[in-house]
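K.L.:
One-letter residues, chain by chain:
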Amino acid sequence: MSTIPFRTAREIRDAVSGRSVSAVQVCEHALATIEAANPKLNAFLTVARDRALERARAIDREGHTGLLAGVPVALKDNILTRGVTTTASSRMLQRFVPPYDATVVTRLEAAGAVVMGKTNCDEFAMGSTTENSAFGPSRNPWNPDHISGGSSGGSAVAVASGMSPIALGSDTGGSIRQPASLCGVVGLKPTYGRVSRYGLIAFASSLDQIGPMARTTYDAATALAVLAGPDPCDSTASQEPVADYVGGLTGDIRGVRLGVPGKMLQDGVEAPVRSAFYAALDVLRGRGAELVDIDLPHASYAIATYYVIATAEASSNLARYDGVRYGFRTESAGNLKEMYERTRSQGFGPEVKRRIMLGTYVLSAGYYDAYYLKAQQVRTLVRRDYEQAFQKVDAVAMPTSPTAAFRIGEKIEDPLSLYLTDVFTVSANLAGLPGLSIPCGRTPNRLPIGLQLTGRPFDEATLLRIGDSYERETNWTEENPADAGGS
Amino acid sequence: MPERLTRADVDRIATLARLELTDTEKDLFVHQLSHVLEYAEQIQQIDTTGVPPTSQVLSRMPADRPDEPRAGLTNAEALANAPDPSPQTGLFRVPRVL
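Those sequence lines, one after another, are chains A and B.
Anchor point for the first sequence: position 364 equals 364 in my numbering, and the numbering is continuous, going up by one each time.
If you want my numbering, it's the 1-based position in the second sequence plus 487.
No lab work stands behind these hints, which were simulated from the structure alone.
Be aware that one or more of the hints could be misleading.
Unchecked claim - Pulled a few chain A residues facing chain B out of the computed Cβ check, cut under 8 Å:
1) Phe96
2) Gly229
3) Pro232
4) Ser235
5) Thr236
6) Tyr301
7) Arg329
8) Ala333
9) Met339
10) Ser364
11) Lys374
12) Gln377
13) Leu381
14) Gly432
15) Arg456
By construction, the Cβ of each residue, glycine as well, lies at the ideal position given by its N, Cα and C atoms.
Excised from the complex, chain A in its bound form:
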């Protein structure tokens, strides 16, 4: 028998398919790790112990050679799981038990993965710290007084702390990449349409995308290979051919042209983030990448554009929570209108209400043209900036977040200050592009720093090849929070 624990999905998959360890042993070890670490870190809201063990036993019984044979996976709690409570970290859905699985869940299980449970996030994926969860914040395993990032914070914590080698998140404005960066793991937001969203609780439908988080780029590539492809249940899931993401990890990035938007990085980036970022570029240049200075002239407008469009779409999507068909309903209402209003006021938390209000305002008569239509036009300009950049370069490099994880509570009183931390991530969603965050350093306080690579539509393969090549020369993904004394 091999020694448990394993670090990566690849090691687990190889051991389970080679029968040197059983899927049940892997599963039991993951359950024990969750039991030990979760009370402190609050990564999981629900642990699907029985479903996981049953699944692991079936894999051992039948044998499995799938890409994720016996690999534990954690799912952000806005991804539907048949028979397993799915809350979106909201009181509104606290007791919601979905009648069907999201397509990504079906695909993961078909590849041999074992669903361990559901992870904490900002309510309805709105936020970048998990402080907007109705069930308390997740904590950063590198320092539990600090935020996990968000909104897919629980998924990032589950991977970083060894509870699960792979987790799924969703990314509307950075919600996979930013928590991955802040917790020191790999996070991939695929191209809009690359992965089916059937069974994802909608936030902003023209921006939302599901993607994997993992310890290594290899594992993220493996997960994407499982997740990507068309889906008869989601007409926005693309028919584009799926590349050989794992086979493309050659380590060779000679001649890859990497765009660096130097002007954007002049202000507002913390010194340790800046120096880790430029050190990472040096590594990539040393491996043969060519660095090209580029300009994204409308990038500074991306946050304003994003918060108009995302809130507008959210106000529309969240109109469905009316206390009639599923979810929370208020106890006290004399008539239907009161029931709607009280249900929504008691069921939604402050950030969700704020965004519904903002979205309703920018869509309302008299303000539509000045805010919503204008933002859609600026969105076109943001896209064009990238199209022009990709005529000269193969990928764009930026830090994922301008800062490392700050303290829990530090920015909660000032929503705008929090929105501004999305500066490097939102434009990929506005333009529909794939984005990868990989660990590239630590602050003096040992908090992780991430490097973000943004690519052409459906060119995840190039991002993964660059990320994997970088990992071959560095060891950020090999360190554990426990080594830092964090947990």
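We have chain A; now place chain B onto it with these hints.
P.N.:
Using the frame of chain A, we list chain B on its own:
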């Protein structure tokens, strides 16, 4: 500088959004939403003459699947999460409308 939104604006938006806000929430939102809108106004400086709006970013329009009948949720499954189901009639119950 005066806030971008007044208390009356917040009341109007809350009605449209079917939210019943407390006085404390209203005061907070007047301030916080004004602050965000003030920031968002920067997009109005950009010349977008002749720029088409982007409402979605798919490179090609999605193909429809064949329109064939398939099994959906059963009535019991559809009612299973309802706050006030009526299994006898198979319907969702709501409070009186007026």
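K.L.:
Next, verify each hint and record whether it holds.
P.N.:
Okay, the hints, checked on the actual structure:
no. : hint   : in the structure
1   : Phe96  : holds (6 Å)
2   : Gly229 : violated (14 Å)
3   : Pro232 : holds (5 Å)
4   : Ser235 : holds (4 Å)
5   : Thr236 : holds (6 Å)
6   : Tyr301 : holds (5 Å)
7   : Arg329 : holds (3 Å)
8   : Ala333 : holds (5 Å)
9   : Met339 : holds (5 Å)
10  : Ser364 : holds (6 Å)
11  : Lys374 : holds (5 Å)
12  : Gln377 : holds (4 Å)
13  : Leu381 : holds (6 Å)
14  : Gly432 : holds (3 Å)
15  : Arg456 : violated (11 Å)
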